[in-house]
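Asks: Here's the letter readout for the chains.
Protein chains: 2
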Amino acid sequence: MDKATEEMLVTYHELNGGIDVLHECPSPLEFMRYVAKNRPFMVRAGCSAWPAIRSWNVPHLRTNLRDTPIKVAITPYGNADSVVRSASDGVNYFVKPFEKNEPFSVFLSHLLGQNPDQADSFVRYSQTQNDNLRSEYVSLYEDVEPDIRFASIALQREPDAINLWMGNNQSTTALHRDNYENIYCQILGSKEFVLLPPVETACVNEQFLPGATYNACMEIIPDDPSLKIPSAVWDPDRPKESPTRFSHLSRPMRVTLHSGDMLYLPACWYHKVSQKDSEEGICCSVNYWYDMDFDGTFHATNAFVRNMAWTVLEEHKSH
Amino acid sequence: MDKATEEMLVTYHELNGGIDVLHECPSPLEFMRYVAKNRPFMVRAGCSAWPAIRSWNVPHLRTNLRDTPIKVAITPYGNADSVVRSASDGVNYFVKPFEKNEPFSVFLSHLLGQNPDQADSFVRYSQTQNDNLRSEYVSLYEDVEPDIRFASIALQREPDAINLWMGNNQSTTALHRDNYENIYCQILGSKEFVLLPPVETACVNEQFLPGATYNACMEIIPDDPSLKIPSAVWDPDRPKESPTRFSHLSRPMRVTLHSGDMLYLPACWYHKVSQKDSEEGICCSVNYWYDMDFDGTFHATNAFVRNMAWTVLEEHKSH
Ligand SMILES: O=C(O)CCC(=O)C(=O)O
Ligand SMILES: O=C(O)CCC(=O)C(=O)O
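Here the protein sequences come in this chain order: Y and H. The UniProt record's numbering applies: residue 1 is where the first sequence begins, and numbers increase by one. The UniProt record's numbering applies: residue 1 is where the second sequence begins, and numbers increase by one.
Simulated from the structure, these hints should not be mistaken for lab results. Some clues are possibly wrong.
Said to hold, decoys possible - Heads up, simulated PhoX-like pairs for lysine-lysine below, C-alpha to C-alpha not over 25 angstroms straight-line: (1) Lys228(Y) with Lys228(H); (2) Lys3(Y) with Lys96(H); (3) Lys37(Y) with Lys71(Y); (4) Lys317(Y) with Lys228(H).
Unchecked claim - What the simulated footprint calls covered on chain Y by chain H, stretch by stretch (three residues with Cβ under 8 angstroms from a Cβ of chain H suffice, anywhere in the stretch; the number is not a length): (5) 24-32; (6) 194-201; (7) 288-301.
Even for Gly, the Cβ is constructed at its ideal location relative to N, Cα and C.
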């Protein structure tokens with residue numbers, strides 16, 4: 001069984017190279033070819049003509065949003081949704097951030113280090129992933145496209161969510177996967193993605209960890225009732241720590257998006273995301289989540305590959 | 001591991017229904033959506049406007065092809081490329097037909113039962129699958145399309161092979177899979193396909209059988225050197241015989257193509273094909289094989305699923 005897993009990883013990488021870099025948005029048919037292969041691409045300057053690229057900056061955002069209440073994710077180290085060992089009980093948890101409503105002006109001051117409350121130096125990230133661009137940030141919505149035309153036409157649906165991400169270089173999103181076709185557009189600052197294809201599920205060391213949430217004092221509070229969440233424990237940036245016996249076969253793909261760049265991140269790809277601030281000191285992105293198709297061969301076989309990875313790694317442990 | 005396989009089969013069938021029946025050819029984008037899902041469709045009357053549909057019949061074929069030499073597959077029971085237990089050594093072989101060059105006129109007389117040689121009542125099928133429409137049968141080529149436009153545009157390639165299949169209701173093609181995107185067009189008579197998705201690999205009981213070939217006397221001659229060929233031993237039309245412990249989870253899909261109908265048979269789908277004669281007593285089809293894409297997630301995960309099926313079934317046996 002190890003042999004079959006190794007063969008899959010080696011075969012995959014023999015047949016697949018790096019990421020395609022396009023210089024204009026694909027047609028719906030061209031896009032569909034990438035969806036069919038479940039392969040990412042980047043469009044250099046793909047959203048560079050959007051009003052947001054010209055007009056968004058700190059003064060504009062401050063004037064536009066003023067004291068609009070924003071749900072902010074707060075963590076001690078910029079580690080939203082990540083695996084943390086609790087100091088109090090020594091257990092590894094999958095920890096969600098503390099969530100707090102703040103006036104946008106206060107949130108922005110925190111991001112810029114113009115912290116009004118010297119006692120609160122925790123890291124803030126606006127990243128609710130609940131279609132927040134069409135709710136909290138609706139006044140900014142007109143500065144971006146209401147959908148990604150080539151994707152809506154190809155997939156025959158509108159985006160399920162349009163998310164605005166606003167933070168700074170202190171925040172990193174840990175390695176995880178989503179059941180979405182994702183079009184990610186960089187507006188201010190830049191983001192580095194580390195991308196792993198779904199076949200690498202046996203490399204990322206997913207463990208079923210109990211969920212927990214930070215409280216306002218950044219203590220880890222186990223969720224009640226307790227739910228176990230499959231959490232990637234291996235970090236492609238620290239490959240020697242917590243590997244599985246397959247991790248060395250991973251070939252992480254690194255992509256940096258600068259202001260105006262667009263990324264197609266296919267369904268179920270693992271991604272870790274870190275950020276670099278704009279000159280003004282913030283980083284801002286907008287992404288479009290399209291529901292993936294669960295019919296066809298892709299979902300059923302991928303779920304099988306992931307199940308088998310869990311089984312194979314679990315069995316070894318119990319020997 | 002059995003559980004993961006069962007779950008894959010059940011999930012797949014919960015999320016996928018029967019075959020889509022279209023009433024006109026899809027656009028390249030519409031086609032690509034099916035390729036992405038690896039799902040078949042049928043186009044009722046999809047090739048009904050082709051000259052072949054109007055003009056091909058026994059007198060026309062006889063006049064057109066006369067004594068052109070044709071490579072004919074000859075088998076005792078119409079069982080080209082099938083699993084047969086050899087009477088002489090009791091071993092199961094994957095047996096290929098005896099191949100013989102015959103003038104088309106002789107081949108056609110055999111098909112029609114106007115057998116010039118009473119001693120030779122073996123079953124004939126012209127099915128070389130080597131682009132024979134553009135070689136042996138080139139004089140018929142102008143009566144069909146040189147490619148399937150929507151497929152060539154979507155897949156960005158020309159067909160690798162265009163095959164003509166000519167036989168009668170005595171021949172059946174046993175369950176197997178091919179690494180091709182297949183557009184199958186029915187010209188004369190009708191064909192019944194039994195279709196199984198690639199996730200059902202653990203249902204079809206593939207065994208690694210030694211290859212063999214019929215000789216002119218319809219004796220089974222083991223190939224030398226001997227090569228083991230993965231051969232589906234389970235027949236969805238006789239589900240009680242030679243099943244695996246997963247066969248009951250198979251949901252065979254049945255599709256009948258009549259003259260003028262077109263089928264998209266996606267890469268790696270298992271298919272068994274039987275035929276009904278036209279009123280004149282023959283059955284004739286033309287299909288277009290497009291190379292499948294080996295990059296992307298599909299091929300690597302499918303090969304893994306198949307490998308695992310072999311491993312899981314093998315392990316059980318050795319217990
Ligand atoms: O931008 C980030 O920090 C994470 C993005 C992400 O996880 C996503 O778009 O699914
Ligand atoms: O028509 C037949 O007998 C078999 C067709 C087939 O196997 C194919 O098109 O790949």
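Asks: The structure should be examined with respect to each hint, and the outcome stated for every one.
Replies: Consistency of the hints with the structure:
1. Lys228(Y) with Lys228(H): violated, 45 angstroms
2. Lys3(Y) with Lys96(H): violated, 31 angstroms
3. Lys37(Y) with Lys71(Y): Answer violated: Lys37(Y) to Lys71(Y) is near 36 angstroms, above 25 angstroms.
4. Lys317(Y) with Lys228(H): Not OK: Lys317(Y) and Lys228(H) at ~35 angstroms, beyond 25 angstroms, violated.
5. 24-32: The restraint on the stretch 24-32 of chain Y holds, since 3 of its residues have a Cβ under 8 angstroms from chain H and three suffice.
6. 194-201: Check passed, 3 qualifying residues.
7. 288-301: n = 9 at 8 angstroms, threshold three: holds.
This entry does not satisfy hints 1, 2, 3 and 4, going by the numbered hints stated previously.
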